[in-house]
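K.L.:
The lines below spell out each chain.
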Amino acid sequence: MEEVIKDIIIKENEDYIINMGPQHPSTHGVLRFEVCLVGETVKYLIPHCGYIHRGIEKMCEKDTYQQIIHLTDRMDYLSAHINNEAVCLCVENALQVQVPERVVYIRTILSELSRIASHQLWWAAFGMDMGALTTFFYGLRDREKILDIFEESFGSRLLHSFNTPGGLMHDIHPNFQNGIKEFIKYFRKKLPEYDQLLTNNVIFKERSIGLGVLSKEDAISFGITGPSGRASGFACDIRKRFPYSAYDKVQFNEILFNEGDTFHRYKARIEEMKESMNILEQLVDNIPAGDYTAKLKPIIKLPVGEYYQRVEAARGELGVYIISDGNKNPLRVKFRTPNFSNLFIMNKLAAGSKIADLVAISGSLDLVIPDIDR
Amino acid sequence: MSFSIYDFTSLTQSVDQALKNSLSPTWALIIEMVIVGLIFLMFYALLGLFLVYAERKICAFIQNRLGPNRVGPLGLFQTIADLIKLLMKELIYIKQADKLLFNLAPFIVIIASFMAIAAIPFAKGLHAIDLNIGIFYIMAVSSLGVVGILLAGWSSNSKYSLIGAMRSGAQIISYELSVGLSLLSIVIFSGTMQISGIVESQADAWWIIKGHIPAIIAFLIFLIASTAETNRGPFDLAEAESELTAGFHTEYSGIKFAFFFLAEYMNMFIVAAIATTVFLGGWMPFHIPGLLSFNTVMDYIPPVVWFMGKTAFIIFIMMWFKWTFPRLRIDQLLKLEWKYLLPLNLINILVIAFVVLMGWYLH
Chain A
1 MEEVIKDIII KENEDYIINM GPQHPSTHGV LRFEVCLVGE TVKYLIPHCG YIHRGIEKMC
61 EKDTYQQIIH LTDRMDYLSA HINNEAVCLC VENALQVQVP ERVVYIRTIL SELSRIASHQ
121 LWWAAFGMDM GALTTFFYGL RDREKILDIF EESFGSRLLH SFNTPGGLMH DIHPNFQNGI
181 KEFIKYFRKK LPEYDQLLTN NVIFKERSIG LGVLSKEDAI SFGITGPSGR ASGFACDIRK
241 RFPYSAYDKV QFNEILFNEG DTFHRYKARI EEMKESMNIL EQLVDNIPAG DYTAKLKPII
301 KLPVGEYYQR VEAARGELGV YIISDGNKNP LRVKFRTPNF SNLFIMNKLA AGSKIADLVA
361 ISGSLDLVIP DIDR
Chain B
375 MSFSIYDFTS LTQSVDQALK NSLSPTWALI IEMVIVGLIF LMFYALLGLF LVYAERKICA
435 FIQNRLGPNR VGPLGLFQTI ADLIKLLMKE LIYIKQADKL LFNLAPFIVI IASFMAIAAI
495 PFAKGLHAID LNIGIFYIMA VSSLGVVGIL LAGWSSNSKY SLIGAMRSGA QIISYELSVG
555 LSLLSIVIFS GTMQISGIVE SQADAWWIIK GHIPAIIAFL IFLIASTAET NRGPFDLAEA
615 ESELTAGFHT EYSGIKFAFF FLAEYMNMFI VAAIATTVFL GGWMPFHIPG LLSFNTVMDY
675 IPPVVWFMGK TAFIIFIMMW FKWTFPRLRI DQLLKLEWKY LLPLNLINIL VIAFVVLMGW
735 YLH
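Same order as they appear, the protein sequences are chains A and B. Just so we're aligned: the first sequence equals residues 1 to 374 in the working numbering. Just so we're aligned: the second sequence equals residues 375 to 737 in the working numbering.
Pair ranges (Cβ atoms, derived):
#  : chain 1 : residue 1 : chain 2 : residue 2 : range
1  : B       : Trp694    : A       : Tyr186    : 19 to 29 Å
2  : B       : Val521    : A       : Ile52     : 41 to 51 Å
3  : A       : Glu144    : B       : Ala419    : 34 to 44 Å
4  : B       : Ile691    : A       : Lys58     : 54 to 64 Å
5  : A       : Gln196    : B       : Pro717    : 28 to 38 Å
6  : B       : Ala419    : A       : Phe344    : 44 to 54 Å
7  : B       : His586    : A       : Phe344    : 53 to 63 Å
8  : A       : Lys190    : B       : Trp712    : 32 to 42 Å
9  : A       : Glu14     : B       : Asn531    : 15 to 25 Å
10 : A       : Glu14     : B       : Val408    : 48 to 58 Å
11 : B       : Asn531    : A       : Asn327    : 49 to 59 Å
In silico SDA-like cross-links for lysine to any residue, where the CA-CA straight-line distance does not exceed 20 Å:
#  : chain 1 : residue 1 : chain 2 : residue 2
12 : B       : Lys469    : A       : Asn19
13 : A       : Lys205    : B       : Phe695
14 : B       : Lys533    : A       : Leu37
15 : B       : Lys709    : A       : Thr41
16 : A       : Lys205    : A       : Ser353
17 : A       : Lys240    : A       : Gln282
18 : A       : Lys301    : A       : Gln98
19 : B       : Lys463    : B       : Asn477
20 : B       : Lys431    : A       : Arg141
21 : B       : Lys431    : B       : Gly441
22 : A       : Lys205    : B       : Trp697
23 : A       : Lys267    : A       : Asn200
24 : B       : Lys713    : A       : Val202
25 : B       : Lys709    : A       : Gly210
26 : A       : Lys205    : B       : Lys709
27 : A       : Lys301    : A       : Asn329
28 : A       : Lys190    : B       : Asn438
29 : A       : Lys62     : A       : Ile300
30 : A       : Lys145    : B       : Asn438
31 : B       : Lys709    : B       : Ala544
32 : A       : Lys189    : A       : Val284
33 : A       : Lys297    : A       : Met169
These are computed hints drawn from the structure, not numbers from a lab. For glycine and all other residues, C-beta sits at the position ideal for the given N, C-alpha and C.
Please put together the full structure from these sequences, using the hints given.
P.N.:
And the structure:
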């Protein structure tokens with residue numbers, strides 16, 4: 001009980017409050033931190049979300065299952081494919097459909113590409129948060145290669161909505177595999193640049209090592225998943241714990257650290273990019289031939305019941321919970337988005353540190369605001 | 375001396391004599407001041423435009439970009455277009471801001487940098503004032519800029535601005551010590567505070583070469599501390615875009631913002647010019663003692679080119695800092711100064727005094 005009381009914030013009238021956001025360079029979107037300062041030190045911090053709430057869950061209730069997929073793109077728009085895949089898997093499980101092996105492999109490849117692209121953008125923006133402006137262009141330069149692969153195959157770079165319940169919209173471009181192989185060769189060479197520019201920088205290390213330490217207990221009780229949780233030793237990789245798609249067919253390591261500070265949250269993501277490239281290498285040459293979609297009825301009606309599917313999104317565990325009453329629309333949809341849980345550890349991590357640390361910590365949690373608000 | 379063809383002393387003296395012959399001494403002085411002021415104003419504006427352009431190009435090359443390349447050849451007129459934009463922008467006045475101080479602050483910042491530039495010698499005989507305490511004057515004047523920054527932060531009636539201004543105050547006052555002490559080390563070497571004297575003392579070799587290790591240490595400390603004093607990255611805590619949006623000039627717009635912007639670049643030029651003058655021989659050409667023909671060829675390069683070239687080199691290093699390093703945190707910033715640079719500097723000064731006493735330097 002005492003633990004709980006400690007977390008409650010007591011506001012006082014003479015507090016020096018400063019609003020970071022909703023328009024602020026460091027929040028990467030319309031999030032507002034109500035920060036109480038004592039000089040440079042953060043006394044407490046209250047996150048206010050909802051500035052970009054679009055009611056996606058409510059909108060899903062009047063849409064068919066094919067339409068829902070396009071809405072999920074707009075949650076975590078930096079790894080949109082993974083959101084699509086989660087809904088597709090949930091619907092397919094509910095229908096008990098066996099999707100072709102080809103689809104499973106392509107989906108897994110796309111997930112890992114999205115994860116790398118998302119982490120590249122995170123790295124770019126994190127450097128900016130720390131004041132190193134050059135990282136932004138290095139990160140985007142490499143991300144461009146992945147977006148080019150997406151564009152070639154799906155005609156769209158960011159929100160490609162390429163999945164559909166039962167499979168894919170259409171088949172991949174003949175150059176798809178080659179493009180990925182070239183990208184892996186390219187990015188293997190470029191990743192050391194990330195270390196040279198930021199990881200090994202003295203100022204960066206001084207600022208991030210030992211900053212915002214998240215204990216394993218807190219990670220579990222706050223539900224911090226993804227690289228942020230794994231940097232604290234919380235083994236929460238859904239790909240490893242509850243394999244879906246083709247993750248049971250590939251060998252990869254779950255990146256785990258015990259330190260739980262900003263530097264290791266950073267490190268976890270850098271390492272994860274390397275692991276993702278390993279997974280891609282194992283899959284890219286083995287895409288089986290076959291159909292790109294399973295034959296489904298044009299109007300999908302899920303049997304009455306409740307369905308849940310979890311996947312490992314770029315920022316943590318993404319859960320899709322669908323209640324169906326047998327109609328072509330779901331009765332109720334709920335997304336368990338990783339960023340929503342990850343956001344509310346901010347006060348615990350940032351209280352007592354400096355303003356600059358607050359920015360670094362929120363950067364290291366890799367918050368995507370539309371994913372918080374939905 | 376062979377570089378007397380580039381000696382500006384006779385030119386300036388003849389202008390002075392002509393004015394004094396035709397006018398009363400008071401009027402001659404006033405007209406001289408106006409002429410020098412106008413020349414500096416022109417120089418100031420041109421240099422500001424050029425430095426902004428240079429920074430954009432350099433940062434673009436560091437960041438895998440092309441930089442400005444549309445307006446004019448190689449994008450040279452981009453900064454002019456931006457300047458026109460800034461001139462035409464609306465000046466936003468903030469409710470409950472201290473109007474007088476709010477409007478005064480940009481001028482204080484820019485006047486401080488304007489005053490410092492007056493003491494810098496661009497070539498032999500080409501400087502506005504040559505005080506016998508030149509180094510002291512530059513230090514005194516350049517630290518006035520912090521008053522403007524503090525006023526800007528205070529009068530804006532914005533919390534971000536206030537935090538930025540307070541950071542800037544703490545930072546500049548701390549790093550002033552290191553700047554002063556590292557300049558003092560060369561004063562010990564050369565035995566004079568007069569800037570022309572310091573430059574003359576480097577005719578055979580620059581102090582960074584003559585003073586070997588202690589001078590190099592002093593130079594490095596000066597480079598770090600002066601980057602911090604100009605509020606540039608990685609010490610740009612007063613602005614700290616990702617933390618404080620724009621720090622002390624968050625609330626400024628239009629030409630007033632441009633003043634802060636320009637003052638930052640001019641301060642960068644001034645500290646680079648001081649580093650050039652004190653450590654790298656000012657407008658003196660590069661000489662290797664003994665190689666007569668080489669030295670003669672070097673002498674034929676105009677001193678202004680030497681001065682500007684060395685200054686540009688130091689400016690390039692400072693831009694390189696900014697675009698590759700992450701920003702420091704405020705406590706680390708102060709720790710760096712008070713726990714590392716200052717003690718090192720104090721020891722270095724003792725070492726230099728000893729070196730000078732024993733004559734262990736080139737002279």
